[in-house]
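*Asks:* One letter stands for each residue in the lines below.
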Amino acid sequence: MAAGCTTEGLADALRAAARVISEHRDELIRLDRAIGDGDHGENMNRGFTAMVSKLDTSEPASPAAVLKLAASTLISTVGGAAGPLYGTAFLRAAAAVGDAAELDPPLLAKALQAALEGVVARGKAAVGDKTMVDALTPAVAAAESVAVTGGDVASVLAAAAEAAEQGAESTVPLVARKGRASYLGERSAGHLDPGARSTALLLRTFAGSAR
Amino acid sequence: MAAGCTTEGLADALRAAARVISEHRDELIRLDRAIGDGDHGENMNRGFTAMVSKLDTSEPASPAAVLKLAASTLISTVGGAAGPLYGTAFLRAAAAVGDAAELDPPLLAKALQAALEGVVARGKAAVGDKTMVDALTPAVAAAESVAVTGGDVASVLAAAAEAAEQGAESTVPLVARKGRASYLGERSAGHLDPGARSTALLLRTFAGSAR
Amino acid sequence: MKKIINDPATVVADALRGMAAAHPDLLDVQYDPAVVVRADAPVSRKVAVISGGGSGHEPLHGGFVGRGMLDAACPGAVFTSPTPDQVRAAIARTDGGAGALLIVKNYTGDVLNFETAAELAAVDGVEVRSVVIDDDVAVKDSLYTAGRRGVGGTVLLEKIVGAAAERGVDLDGCEALARKVIGQVRSMGLALSACTVPHAGEPSFTLADDEMELGIGIHGEPGRQRVPVGPASELVPALLDPIVEDLPFAEGDRVLLFTNGMGGTPLIELYLAHGIAERLLAERGIVVERRLVGPYITSLEMQGMSLTLLKLDDELIDLWDAPVHTPALRWGL
Amino acid sequence: MKKIINDPATVVADALRGMAAAHPDLLDVQYDPAVVVRADAPVSRKVAVISGGGSGHEPLHGGFVGRGMLDAACPGAVFTSPTPDQVRAAIARTDGGAGALLIVKNYTGDVLNFETAAELAAVDGVEVRSVVIDDDVAVKDSLYTAGRRGVGGTVLLEKIVGAAAERGVDLDGCEALARKVIGQVRSMGLALSACTVPHAGEPSFTLADDEMELGIGIHGEPGRQRVPVGPASELVPALLDPIVEDLPFAEGDRVLLFTNGMGGTPLIELYLAHGIAERLLAERGIVVERRLVGPYITSLEMQGMSLTLLKLDDELIDLWDAPVHTPALRWGL
Ligand SMILES: Nc1ncnc2c1ncn2[C@@H]1O[C@H](COP(=O)(O)OP(=O)(O)O)[C@@H](O)[C@H]1O
Ligand SMILES: Nc1ncnc2c1ncn2[C@@H]1O[C@H](COP(=O)(O)OP(=O)(O)O)[C@@H](O)[C@H]1O
Ligand SMILES: [Mg+2]
Ligand SMILES: [Mg+2]
Ligand SMILES: [Mg+2]
Ligand SMILES: [Mg+2]
Chain G
1 MAAGCTTEGL
11 ADALRAAARV
21 ISEHRDELIR
31 LDRAIGDGDH
41 GENMNRGFTA
51 MVSKLDTSEP
61 ASPAAVLKLA
71 ASTLISTVGG
81 AAGPLYGTAF
91 LRAAAAVGDA
101 AELDPPLLAK
111 ALQAALEGVV
121 ARGKAAVGDK
131 TMVDALTPAV
141 AAAESVAVTG
151 GDVASVLAAA
161 AEAAEQGAES
171 TVPLVARKGR
181 ASYLGERSAG
191 HLDPGARSTA
201 LLLRTFAGSA
211 R
Chain E
1001 MAAGCTTEGL
1011 ADALRAAARV
1021 ISEHRDELIR
1031 LDRAIGDGDH
1041 GENMNRGFTA
1051 MVSKLDTSEP
1061 ASPAAVLKLA
1071 ASTLISTVGG
1081 AAGPLYGTAF
1091 LRAAAAVGDA
1101 AELDPPLLAK
1111 ALQAALEGVV
1121 ARGKAAVGDK
1131 TMVDALTPAV
1141 AAAESVAVTG
1151 GDVASVLAAA
1161 AEAAEQGAES
1171 TVPLVARKGR
1181 ASYLGERSAG
1191 HLDPGARSTA
1201 LLLRTFAGSA
1211 R
Chain R
2001 MKKIINDPAT
2011 VVADALRGMA
2021 AAHPDLLDVQ
2031 YDPAVVVRAD
2041 APVSRKVAVI
2051 SGGGSGHEPL
2061 HGGFVGRGML
2071 DAACPGAVFT
2081 SPTPDQVRAA
2091 IARTDGGAGA
2101 LLIVKNYTGD
2111 VLNFETAAEL
2121 AAVDGVEVRS
2131 VVIDDDVAVK
2141 DSLYTAGRRG
2151 VGGTVLLEKI
2161 VGAAAERGVD
2171 LDGCEALARK
2181 VIGQVRSMGL
2191 ALSACTVPHA
2201 GEPSFTLADD
2211 EMELGIGIHG
2221 EPGRQRVPVG
2231 PASELVPALL
2241 DPIVEDLPFA
2251 EGDRVLLFTN
2261 GMGGTPLIEL
2271 YLAHGIAERL
2281 LAERGIVVER
2291 RLVGPYITSL
2301 EMQGMSLTLL
2311 KLDDELIDLW
2321 DAPVHTPALR
2331 WGL
Chain B
3001 MKKIINDPAT
3011 VVADALRGMA
3021 AAHPDLLDVQ
3031 YDPAVVVRAD
3041 APVSRKVAVI
3051 SGGGSGHEPL
3061 HGGFVGRGML
3071 DAACPGAVFT
3081 SPTPDQVRAA
3091 IARTDGGAGA
3101 LLIVKNYTGD
3111 VLNFETAAEL
3121 AAVDGVEVRS
3131 VVIDDDVAVK
3141 DSLYTAGRRG
3151 VGGTVLLEKI
3161 VGAAAERGVD
3171 LDGCEALARK
3181 VIGQVRSMGL
3191 ALSACTVPHA
3201 GEPSFTLADD
3211 EMELGIGIHG
3221 EPGRQRVPVG
3231 PASELVPALL
3241 DPIVEDLPFA
3251 EGDRVLLFTN
3261 GMGGTPLIEL
3271 YLAHGIAERL
3281 LAERGIVVER
3291 RLVGPYITSL
3301 EMQGMSLTLL
3311 KLDDELIDLW
3321 DAPVHTPALR
3331 WGL
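Residue numbers (my numbering), protein chains in the order written: chain G, 1 to 211; chain E, 1001 to 1211; chain R, 2001 to 2333; chain B, 3001 to 3333.
It is worth saying that the hints were derived from the structure and are not from the lab. A few of these clues could be false.
To be verified - Derived DSBU-like pairs: lysine-lysine, alpha-carbon spacing no greater than 35 Å straight-line:
{"id": "1", "chain 1": "R", "residue 1": "2140", "chain 2": "G", "residue 2": "124"}
{"id": "2", "chain 1": "R", "residue 1": "2140", "chain 2": "B", "residue 2": "3180"}
{"id": "3", "chain 1": "E", "residue 1": "1124", "chain 2": "B", "residue 2": "3002"}
{"id": "4", "chain 1": "R", "residue 1": "2180", "chain 2": "R", "residue 2": "2311"}
{"id": "5", "chain 1": "R", "residue 1": "2311", "chain 2": "B", "residue 2": "3002"}
{"id": "6", "chain 1": "R", "residue 1": "2002", "chain 2": "B", "residue 2": "3140"}
{"id": "7", "chain 1": "B", "residue 1": "3180", "chain 2": "E", "residue 2": "1124"}
{"id": "8", "chain 1": "R", "residue 1": "2180", "chain 2": "G", "residue 2": "124"}
As the list claims (entries may be wrong) - Label-pair ranges, simulated between beta-carbon atoms:
{"id": "9", "chain 1": "B", "residue 1": "3039", "chain 2": "E", "residue 2": "1189", "range": "21 to 29 Å"}
{"id": "10", "chain 1": "G", "residue 1": "53", "chain 2": "R", "residue 2": "2030", "range": "50 to 58 Å"}
{"id": "11", "chain 1": "G", "residue 1": "148", "chain 2": "R", "residue 2": "2144", "range": "31 to 39 Å"}
{"id": "12", "chain 1": "R", "residue 1": "2030", "chain 2": "B", "residue 2": "3010", "range": "32 to 40 Å"}
{"id": "13", "chain 1": "E", "residue 1": "1189", "chain 2": "R", "residue 2": "2009", "range": "37 to 45 Å"}
Stated by the list, open to error - Quick look at which bits of chain B chain R covers, simulated, 3 or more residues with Cβ under 8 Å:
{"id": "14", "stretch": "3003-3011"}
{"id": "15", "stretch": "3015-3022"}
{"id": "16", "stretch": "3048-3062"}
{"id": "17", "stretch": "3212-3224"}
{"id": "18", "stretch": "3288-3300"}
Note that this is a predicted model, so its numbers are computed, not measured. Where a beta carbon is used, it is the ideal one built from N, C-alpha and C, also for glycine.
Working from the sequences, and respecting the hints, build out all of it.
*Replies:* And the structure:
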């Protein structure tokens, strides 16, 4: 979001995210192989690659349109648990931003909040269940407190990324209660949750784009 | 054949052979795994174990009866190539000894010759094809020449065993032209033929029994 | 990783092309989105029975498309649930005016994607019901898990509901029947080796020569416990006892026993295990009236097996015996 | 060695017990000597079609016993041809007064043991004929080998001759038909991994991660050549080209394409390979009219595949399509 949270800024942030996901594909596969089925990196990479093609061929006219394009591409290409969850997150964010031409810090925080609500509505996970919710929940809280105290878009996203990274790390000792890792019971402890890791990666990329 | 080539001596020799085959079961499997299908030691061991049970429960009344019992047990329990080949060998030997109560050196040599003819009649292998024929052929020749020059049973068998061992060793560089090893073409060279090895083991045991 | 494939990214589409070539009389395969449809779809006034899930479990689900079983299957990427558009396309392609029943294995991804598809199909004007199968007794169904997984029971469910739909049973009837089957089918599995997902390139776990995973699912994941391998006489009851005790199955019950291979275990071992399971059930006075033995719901080349027990009554026996003609299951036709 | 077995020495008998339990309606299993017989044998005035060989190739041969295919199968120890008494017992049990046809795969052990059995059966007063199948193009049929091996073509031969016998074709007719099929069927296989014979306890060979064996038989032995593994687009023609060029199969020929798994290769890879083979044949103008895809003649848990091509005419198509009801192959019944 070199150009801020404009239509173009959002599209650039998603392109950057696609590059980061592709760089971290193998890491996400490795994390998911340990406590899941080893496809998270491949799924996310497939989805974000498809998203970049769509961004290249269509011209979404508003921030909401960019977010909707992201949502529908992820839903129709990722599959697995992550597809509908990230898809819903982007869909709810799109609804939250309405027809704004640019997201200011409060609207950005609201969009992040809506994304989290979407993930929870679909996946029914709470903090501590060892999922992406463990990264997204503290990220939303941090974004809000920076936005409320007058921080700019860059600092809102930086705070969100920082909190998401800590939230992701916090999943390591947890015993999973949602998703595939929950089948492992106690054996899921001692591993980083792949979805929490991808959430942290996305937010860190968005923060980098906004600087 | 502590008691010579009598009915009892032959039965004892076969019991000793069963022990030797069982001790060498894994070696024969290993040899067969290299250029065949890895079952020769198991097949022979199954057959000789069954033969000992039959010797224990029936009382064959003549050398020919002992050899027939050996033949029919091997035919009905070994399977594979070795079952019919060794079975035929013992069957032809039984026919050759007729109703003799004890095998003198010429009759012993004749029995070995008949055994070889049986193997060749069934399997159509010639010397140099990398089969048991490479062990049995020189063994028969050696037995005959010792018998002709007045050697006793023990020296006939010792000569046969010695020649069989050399014959078995001679299979190492050969490219197989019969049996499973022939499918390997050039890759069969450099390995000892398992059937030649078992023939040498049997003759060495018979020689030991006769001492 | 040694596999007979070209590119990990195109494995599913490449295999679908081979399936289409192998069964031109039975299947109509679409590629974008990927759906395997029975050749004579839509069948007018018949409930469309649709399932799907990640690929790598073949013959499940595409191998069960055909007369008397599934109308369509939606193959996701390997071990990845399909996307809603695949399911939506399957519904659109097979809707004969009597609605569609979605058979969903209980995994978060499958449940979410089929849920979205059902919402979309409702918008398209098709009446859609979903049932979720969760027959794996290795997982406790509690607040602390995503619930039990759908495993071997899925094959039996698809056969029985498919037979009912073929006979003209309506959507309510098919749904009720599906819930009945789900209520009385239980499974459990074990792995002697891991499998390698093509895009991952490495085995999902590594086992020592004397170890196995007990209580596995069908996605190459480790099981509930890593335990020493024993002889078949111990392995079979390690699967069967928890199954029998879970429902529970009791003396006098009539059952279908399904001995399933995970993909890399040869039939000789499956039959051997099946024989033991039959004897153990006989000892408990449980009467095996039907059986299925073979690799029907697999995890790529994983070595291992699962057992499934379905409680039977005359209705279910009749539906099990009904004619079926699919690539992987065929009788009476 | 990790296997679902009890004792290597009893694997075959233990598996037969499971097979008998799994198919009570189809099979009658005898244990000493071991013979798998179709439940309604002997069928009066029908030629008895009998085959057999070492175990470890399941479903071959026991899985092909039943109406429209084999009357009996003689399972030897793992990878070891059966003994003459097994074959003699099979003949005695299935002789319906029209004689017996023995289908023998060309291995020294099989040929010798079936030969002895045929001699014994003649003494028993049954007219017996034998045919030897040798369809493996990987082995040159010359003075320097035991001749070509019998591999995948065996499955097709048993189906087609079984159908003819079921229709009442006499012994001469069945024998002539078998020779015709043998004359126009060719196969070749490859292995990506070895298998472990239970009594041996160790794999029959070891391959590096980038190696495969080309031109294998079905007994876990190494192939004619050890070569680098390539993508499926190279593996499939490496099998298909030698097959096509051997008979040769020519433009316009009508064929049955059989894509067989060696036991440890999952169906997704077999379908993928099958799709490639169909495309390559189409490019040559060879018309695939029938196909079979799956693990039908295996080497325990070996990973790998084989391709078999049978030249068809109306007679063979009609016999292939004829009803069959066995544990492993079933249609029309
Ligand atoms: N119920 C849920 N709520 C929120 N996140 C979830 C839930 N279930 C799974 N996830 C997330 O999804 C990630 C796995 O995604 P992925 O591997 O793509 O899908 P799958 O588990 O279907 O293979 C997990 O690491 C976890 O963060
Ligand atoms: N045609 C033949 N003539 C003589 N001996 C043979 C012939 N074919 C095979 N053999 C012998 O049989 C041995 C293999 O026996 P075995 O492993 O028991 O049978 P199979 O090859 O059927 O597995 C070979 O090592 C060889 O010595
Ligand atoms: Mg995953
Ligand atoms: Mg052998
Ligand atoms: Mg997945
Ligand atoms: Mg053998």
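*Asks:* All the hints need checking, so say for each whether the structure fits it.
*Replies:* For each hint, the structure was consulted:
no.: 1; hint: R:2140 to G:124; verdict: holds (18 Å)
no.: 2; hint: R:2140 to B:3180; verdict: violated (59 Å)
no.: 3; hint: E:1124 to B:3002; verdict: violated (39 Å)
no.: 4; hint: R:2180 to R:2311; verdict: holds (10 Å)
no.: 5; hint: R:2311 to B:3002; verdict: holds (32 Å)
no.: 6; hint: R:2002 to B:3140; verdict: holds (28 Å)
no.: 7; hint: B:3180 to E:1124; verdict: holds (27 Å)
no.: 8; hint: R:2180 to G:124; verdict: holds (27 Å)
no.: 9; hint: B:3039 to E:1189: 21 to 29 Å; verdict: violated (49 Å)
no.: 10; hint: G:53 to R:2030: 50 to 58 Å; verdict: violated (21 Å)
no.: 11; hint: G:148 to R:2144: 31 to 39 Å; verdict: holds (36 Å)
no.: 12; hint: R:2030 to B:3010: 32 to 40 Å; verdict: violated (49 Å)
no.: 13; hint: E:1189 to R:2009: 37 to 45 Å; verdict: holds (44 Å)
no.: 14; hint: 3003-3011; verdict: holds (count 6)
no.: 15; hint: 3015-3022; verdict: holds (count 8)
no.: 16; hint: 3048-3062; verdict: holds (count 4)
no.: 17; hint: 3212-3224; verdict: violated (count 1)
no.: 18; hint: 3288-3300; verdict: holds (count 6)
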